[in-house]
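S.K.: Kindly produce the complete structure, drawing on both the sequences and the hints.
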Amino acid sequence: MIPPQFDYHAPGSLEEALGLLGSLDDAKVMSGGQSLLPMLKLRLATPANIVDIGRIPGLDSIGEEGGYLRIGALVTETALEENATVAARYPILLDTAKVIADPLVRNRATICGNVAHGDPANDHPATMLALRAQMVATGPDGERTIGVDDFFHGLFMTALAEGEILTEIRIPAPGGVGGGGADGAHHGGAYLKLERKVGDYAVAGVAVQLALGDDGKVTQAGVGLTNLGMAPIRASAAEEVLTGARLVERGGLRGAFSKVRDAIARAPDADEVIAAAAQAAADATDPVADRRGSVEYKRNMARVLTGRAIAKALARAGG
Amino acid sequence: MAAETSNGPRTSAKICGMGHSMKRKEDPRFLQGKGNYIDDHTLPGMLWLDIVRSPIAYGKIVNIDASKALEVDGVLAVLTGKDLEAYNLHWMPTLMSDTQMVLPTDTVMYQSQEVAGVIATSRYAAADGVAAVEVEYEPMTPVIDPFKALETDAPVLRTDKEGQEDNRIWHWEAGDKEATDRIFDEADVVVREKMHVPRIHVASIETCGCLADFNPVEGHLTVYMTTQAPHAIRTVLALVAGHVGLSEEKIRVVSPDIGGGFGGKVPVYPGYVIAIAASVVLGKPVKWIEDRMENLQADSFARDYHMDAEIAADSSGKIRALRIKTLADHGYSDAQAAPSKFPAGLFSICTGSYDMEQAYAEVDAVYTNKPPGGVAYRCSFRVTEAVHCMERIVDTLAHKVGKDPATLREENFIPKEAFPYHSPLGWEYDSGDYQAAMDMAKEMIGYDDLRREQAEKRERGELMGIGVCSFTEVLGAGPSKDFDILGIKMFDSAEVRVHPTGKAIARFGTKSQGQGHETTYAQIIAEELGLPAAHVQVEEGDTDTAPYGLGTYASRSTPTAGAAGVMAARKLRDKARKIAAHLLEVGEEDLEWEPGTFSVKGAPDKSVTIQDCAFAAYTNLPEGMEPGMEATNYYDPPNLTFPFGTYICVVDIDRGTGEVTVRRFVAVDDCGNIINPMIVQGQIHGGLTQGLGPALFEEMTYDEDGNNLAGSFMDYLVPTAVETPAWETGHTVTPSPHHPLGAKGVGESATVGAPPAIANAVVDALAHLGVTHMEIPIRPDRVWEVLREKGVAI
Ligand SMILES: Cc1cc2nc3c(=O)[nH]c(=O)nc-3n(C[C@H](O)[C@H](O)[C@H](O)COP(=O)(O)OP(=O)(O)OC[C@H]3O[C@@H](n4cnc5c(N)ncnc54)[C@H](O)[C@@H]3O)c2cc1C
Numbered sequence: 001m002i003p004p005q006f007d008y009h010a011p012g013s014l015e016e017a018l019g020l021l022g023s024l025d026d027a028k029v030m031s032g033g034q035s036l037l038p039m040l041k042l043r044l045a046t047p048a049n050i051v052d053i054g055r056i057p058g059l060d061s062i063g064e065e066g067g068y069l070r071i072g073a074l075v076t077e078t079a080l081e082e083n084a085t086v087a088a089r090y091p092i093l094l095d096t097a098k099v100i101a102d103p104l105v106r107n108r109a110t111i112c113g114n115v116a117h118g119d120p121a122n123d124h125p126a127t128m129l130a131l132r133a134q135m136v137a138t139g140p141d142g143e144r145t146i147g148v149d150d151f152f153h154g155l156f157m158t159a160l161a162e163g164e165i166l167t168e169i170r171i172p173a174p175g176g177v178g179g180g181g182a183d184g185a186h187h188g189g190a191y192l193k194l195e196r197k198v199g200d201y202a203v204a205g206v207a208v209q210l211a212l213g214d215d216g217k218v219t220q221a222g223v224g225l226t227n228l229g230m231a232p233i234r235a236s237a238a239e240e241v242l243t244g245a246r247l248v249e250r251g252g253l254r255g256a257f258s259k260v261r262d263a264i265a266r267a268p269d270a271d272e273v274i275a276a277a278a279q280a281a282a283d284a285t286d287p288v289a290d291r292r293g294s295v296e297y298k299r300n301m302a303r304v305l306t307g308r309a310i311a312k313a314l315a316r317a318g319g
Numbered sequence: 001m002a003a004e005t006s007n008g009p010r011t012s013a014k015i016c017g018m019g020h021s022m023k024r025k026e027d028p029r030f031l032q033g034k035g036n037y038i039d040d041h042t043l044p045g046m047l048w049l050d051i052v053r054s055p056i057a058y059g060k061i062v063n064i065d066a067s068k069a070l071e072v073d074g075v076l077a078v079l080t081g082k083d084l085e086a087y088n089l090h091w092m093p094t095l096m097s098d099t100q101m102v103l104p105t106d107t108v109m110y111q112s113q114e115v116a117g118v119i120a121t122s123r124y125a126a127a128d129g130v131a132a133v134e135v136e137y138e139p140m141t142p143v144i145d146p147f148k149a150l151e152t153d154a155p156v157l158r159t160d161k162e163g164q165e166d167n168r169i170w171h172w173e174a175g176d177k178e179a180t181d182r183i184f185d186e187a188d189v190v191v192r193e194k195m196h197v198p199r200i201h202v203a204s205i206e207t208c209g210c211l212a213d214f215n216p217v218e219g220h221l222t223v224y225m226t227t228q229a230p231h232a233i234r235t236v237l238a239l240v241a242g243h244v245g246l247s248e249e250k251i252r253v254v255s256p257d258i259g260g261g262f263g264g265k266v267p268v269y270p271g272y273v274i275a276i277a278a279s280v281v282l283g284k285p286v287k288w289i290e291d292r293m294e295n296l297q298a299d300s301f302a303r304d305y306h307m308d309a310e311i312a313a314d315s316s317g318k319i320r321a322l323r324i325k326t327l328a329d330h331g332y333s334d335a336q337a338a339p340s341k342f343p344a345g346l347f348s349i350c351t352g353s354y355d356m357e358q359a360y361a362e363v364d365a366v367y368t369n370k371p372p373g374g375v376a377y378r379c380s381f382r383v384t385e386a387v388h389c390m391e392r393i394v395d396t397l398a399h400k401v402g403k404d405p406a407t408l409r410e411e412n413f414i415p416k417e418a419f420p421y422h423s424p425l426g427w428e429y430d431s432g433d434y435q436a437a438m439d440m441a442k443e444m445i446g447y448d449d450l451r452r453e454q455a456e457k458r459e460r461g462e463l464m465g466i467g468v469c470s471f472t473e474v475l476g477a478g479p480s481k482d483f484d485i486l487g488i489k490m491f492d493s494a495e496v497r498v499h500p501t502g503k504a505i506a507r508f509g510t511k512s513q514g515q516g517h518e519t520t521y522a523q524i525i526a527e528e529l530g531l532p533a534a535h536v537q538v539e540e541g542d543t544d545t546a547p548y549g550l551g552t553y554a555s556r557s558t559p560t561a562g563a564a565g566v567m568a569a570r571k572l573r574d575k576a577r578k579i580a581a582h583l584l585e586v587g588e589e590d591l592e593w594e595p596g597t598f599s600v601k602g603a604p605d606k607s608v609t610i611q612d613c614a615f616a617a618y619t620n621l622p623e624g625m626e627p628g629m630e631a632t633n634y635y636d637p638p639n640l641t642f643p644f645g646t647y648i649c650v651v652d653i654d655r656g657t658g659e660v661t662v663r664r665f666v667a668v669d670d671c672g673n674i675i676n677p678m679i680v681q682g683q684i685h686g687g688l689t690q691g692l693g694p695a696l697f698e699e700m701t702y703d704e705d706g707n708n709l710a711g712s713f714m715d716y717l718v719p720t721a722v723e724t725p726a727w728e729t730g731h732t733v734t735p736s737p738h739h740p741l742g743a744k745g746v747g748e749s750a751t752v753g754a755p756p757a758i759a760n761a762v763v764d765a766l767a768h769l770g771v772t773h774m775e776i777p778i779r780p781d782r783v784w785e786v787l788r789e790k791g792v793a794i
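So the protein sequences, as listed, match chains A and X. The opening residue of the first sequence carries number 1 in this note's numbering; numbering runs sequentially from there. The opening residue of the second sequence carries number 1 in this note's numbering; numbering runs sequentially from there.
Check each hint, because a few of them may be wrong.
[Claimed, not checked] Here are the computed distance ranges between Cβ atoms for each label pair:
id: 1; chain 1: A; residue 1: L155; chain 2: X; residue 2: D404; range: 48 to 54 Å
id: 2; chain 1: A; residue 1: S294; chain 2: X; residue 2: R292; range: 26 to 32 Å
id: 3; chain 1: X; residue 1: R182; chain 2: A; residue 2: V288; range: 50 to 56 Å
id: 4; chain 1: A; residue 1: M157; chain 2: X; residue 2: G682; range: 55 to 61 Å
id: 5; chain 1: A; residue 1: A161; chain 2: X; residue 2: F147; range: 52 to 58 Å
id: 6; chain 1: X; residue 1: N707; chain 2: A; residue 2: A88; range: 46 to 52 Å
Worth flagging that the hints you see were computed from the coordinates, not collected in a lab. Don't be surprised by glycine CBs; every beta carbon is placed ideally from N, CA and C.
M.R.: Next up, the structure:
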């Protein structure tokens with residue numbers, strides 16, 4: 001539990017950080033350090049240089065702008081949890097932050113670090129898949145935007161090039177204020193995680209984000225899965241099952257984000273659709289057997305949680 | 001919520017004797033981060049030890065190359081088994097008369113075993129040194145499965161032991177086998193359950209460590225160490241290192257504040273010995289602090305009993321006999337810390353709270369390529385295993401004869417009139433009233449309503465279970481005729497000195513690790529002497545100052561050292577009475593004692609306080625009396641104490657995920673007279689949580705190559721506040737007839753009683769599906785497998 005020697009750098013600006021990353025040998029970015037430090041202590045990572053971006057001003061902002069929720073590199077889980085816009089309009093993000101580690105870790109851990117780490121056991125990647133987020137990477141040649149579907153390449157591997165910093169995550173904002181979007185959509189999302197105890201990495205985690213029209217039909221569905229394969233998984237087949245299906249009776253949806261939370265009227269065959277989507281999500285998984293359970297168990301948990309997450313997302317979309 | 005206790009205080013709030021919920025005297029320093037733990041100790045010129053550990057479970061050491069390590073800045077020395085062999089310190093005895101390596105000379109026996117010690121000027125340099133030591137191994141096929149260890153073709157692991165021809169360590173049995181078998185042959189009903197109480201590990205907040213400081217000029221060794229038994233450790237050090245010049249009067253063991261022990265800090269671990277050897281060799285203080293993974297992977301484990309249990313009963317469910325065959329996996333050495341004559345600890349308490357004609361229990365202990373053990377994790381030597389076994393199989397019997405598990409227990413309880421009760425396996429239970437605890441528990445939880453609710457839920461397909469456990473503990477080891485460790489009798493001691501101003505210091509042979517001794521013992525002295533508990537300073541843990549004792553584990557402190565405190569205080573009270581008579585110029589028999597005051601019978605205004613007497617002991621003595629106010633007692637308990645209780649637990653099971661939620665948990669304990677109700681409640685709460693752990697979460701497992709699969713808190717799942725239900729506690733009071741305060745000890749009841757209550761609740765939720773047993777820990781995936789098999793998973 002004692003890390004090997006390394007040189008520590010604390011740049012004061014993004015330019016300086018990029019310069020250091022470009023010039024130093026064997027350098028690693030550190031933001032919250034909550035994944036990197038444990039790896040150092042276990043000597044699983046032995047970088048010669050650590051570039052701590054934690055003191056760079058201006059990277060810790062979070063808010064809606066230009067049709068996106070923009071999450072800066074240094075926004076911590078705690079900041080996300082305490083953000084009013086997130087609580088009101090992106091409950092799926094709040095769900096996710098709340099089940100990550102413990103409050104001490106969340107005080108330091110960043111959303112961008114969580115995603116940049118490329119760990120399929122981390123919870124935010126699935127949420128980002130469901131929300132169809134975009135990753136803004138800044139390198140020596142400037143900024144580029146990477147769609148979430150192109151971001152995760154495998155275990156601890158992402159689209160980030162050496163010397164690049166993930167400076168922002170952009171999440172498309174649910175359209176319009178106070179309810180239906182431009183297309184009259186109602187939005188709801190949820191993240192459900194089965195864990196062996198609080199703070200544990202997921203046995204299985206499922207993120208579902210739905211948009212529904214006033215007719216109760218799903219116009220867009222996002223389903224992301226945590227810790228059920230070598231990389232975060234988009235359950236495309238489940239999304240296809242959901243998209244276009246009528247889950248709620250016509251008129252069954254109130255204005256989204258209204259405070260009323262009573263049960264919504266499900267369409268007659270909604271339960272079957274949900275079950276089919278849940279099964280499709282389970283089929284998309286490729287888990288390994290370990291102390292969290294057998295392959296069989298994990299697949300089934302993907303199914304069970306997907307069903308429950310859809311129900312929760314629907315309830316949220318409905319009011 | 002807590003139900004009231006029935007022994008009210010006899011002393012005023014100012015004196016704060018027994019029955020007062022005095023706030024813990026040690027808490028201000030603990031809560032403010034001002035405790036003084038091992039790692040808080042530093043000495044000038046102190047060096048650091050870090051340990052190279054084996055990546056394989058079994059193999060030969062071909063070569064250890066330390067040259068690169070010695071090049072690391074700050075690394076001073078690398079110690080190997082060969083270096084220790086030169087001093088004949090490479091092996092050490094365990095408390096069970098087995099042997100254990102300090103450092104290996106040629107073979108490693110388990111993954112994470114100590115292989116070499118690196119001494120450096122800083123913790124960081126030592127760790128870099130460890131990473132640079134190159135060890136070449138020749139792996140061998142390990143023996144991991146304890147059942148396979150006994151097969152004839154299994155390789156013999158302990159080839160170092162002369163005459164050892166297989167992997168059996170010992171066979172132990174208790175009871176009349178033939179008479180028991182006879183009952184089984186003729187019984188109406190026999191139920192059988194195989195169960196494993198799995199290997200678990202103490203997870204104290206503070207890991208183990210020491211600071212060894214050898215003074216080469218004076219030949220004096222001081223060791224600050226995380227030990228629950230400092231005096232015994234000092235003697236062991238004198239015995240094993242006498243040949244290198246360590247002599248008991250020149251060894252001082254100091255056990256400072258300890259951040260949790262739970263049995264894990266009774267054994268002597270190789271790290272301590274390496275640190276001491278390094279300090280002796282280098283003539284400098286050497287500190288060793290293990291990290292969490294070392295603690296989990298290498299220190300002594302607990303439990304790991306494979307039990308095959310049977311009950312013979314008549315058709316109404318009246319228990320007639322119990323038969324248990326057990327396989328105990330001890331790892332590569334029997335490194336338990338149990339009394340010498342009890343290789344299977346106090347497992348023979350397995351007949352529990354029930355009256356029966358006969359019982360027979362046997363245990364075979366085997367070697368495997370796992371860390372040595374096992375310690376009594378918050379348990380009086382294998383009582384947890386015994387209680388789990390009995391309380392689980394009693395439910396199987398209830399199921400079989402179609403009775404409610406609470407009713408079946410009640411019909412089999414040893415009746416209150418039968419105490420002192422002689423159990424078929426040889427114990428004399430001192431006292432008990434099992435029905436009273438059962439009644440209170442049922443009443444608190446609303447048992448009948450819960451059964452009605454369960455029936456309704458079953459109709460709707462919901463899974464809810466109610467689990468009952470009525471355990472009997474045996475603790476306070478122990479009477480010298482049976483109990484010793486390495487020959488040293490298991491008495492314990494107290495030394496009380498009252499200063500001229502009426503304030504006192506009381507020293508004990510035990511050692512608190514968080515139990516609140518500084519408060520409880522002060523209250524005991526206050527109760528007996530009438531001095532305010534606030535004025536009694538309690539000290540333990542320094543072998544230079546404290547009287548000799550065997551330490552704190554197995555809930556023995558109140559039964560033994562607490563009793564010694566009472567006896568010492570009573571000696572002082574007797575002396576004070578003489579002084580009072582002298583001061584009041586009356587005869588002793590004319591005096592009356594009210595806590596804190598002697599007054600003349602019939603003339604209550606003529607009185608002196610205990611403080612007056614203390615002052616007079618130094619200033620104005622009756623002629624011929626020895627000055628001073630000091631007394632010592634070494635207490636040899638006449639019997640053990642037998643606390644008991646009934647726990648009832650309600651669980652709900654999620655048919656989708658298999659998750660078990662403990663909805664309610666009522667714990668009614670009877671630990672005899674209660675000294676500090678708040679501390680007792682705290683002990684129960686902590687113990688229940690440490691029972692919840694193994695019931696639902698904790699398990700130390702190994703793959704077939706002997707790799708530890710739960711070597712960090714990522715996979716060794718200790719419950720947190722989030723997983724812990726709101727415990728509801730209650731007490732009945734059945735005083736111990738032989739303890740001078742009628743107290744029984746309470747530290748471990750809850751750890752012992754909670755797992756079967758929880759397991760029984762889960763099994764009860766599934767009983768209508770034909771389930772009679774679930775192995776602990778009852779993980780969601782295990783439950784889900786059952787749900788799926790029974791066709792009720794959704
Ligand atoms: C006890 C514990 C429990 C945990 N449990 C969970 C859990 O249940 N779920 C979960 O999702 N996570 C969990 N985590 C991980 C935690 O959320 C991590 O902090 C997070 O994954 C990484 O965020 P960070 O800011 O700390 O990144 P760091 O640890 O600083 O970095 C992690 C990796 O990402 C890289 N990196 C970081 N930021 C950037 C950036 N802006 N641009 C480019 N590369 C970057 C680093 O170089 C490093 O490789 C847990 C951590 C701990 C210590």
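S.K.: Hints first: check each against the structure and report whether it holds.
M.R.: Each hint tested on the structure:
In this structure the hint that L155 (chain A) and D404 (chain X) lie 48 to 54 Å apart at CB holds, the actual value being about 52 Å. The hinted range of 26 to 32 Å is satisfied by S294 (chain A) and R292 (chain X), whose Cβ atoms lie roughly 28 Å apart. Range check, R182 (chain X) to V288 (chain A): about 52 Å between beta-carbon atoms, so the 50 to 56 Å window is met. Range check, M157 (chain A) to G682 (chain X): about 49 Å between beta-carbon atoms, so the 55 to 61 Å window is missed.
A hinted range of 52 to 58 Å holds for the C-beta pair A161 (chain A) and F147 (chain X), which are about 54 Å apart. About 48 Å separates the C-beta atoms of N707 (chain X) and A88 (chain A), a value consistent with the hinted range of 46 to 52 Å.
Of the hints listed earlier, the one the structure fails to meet is number 4.
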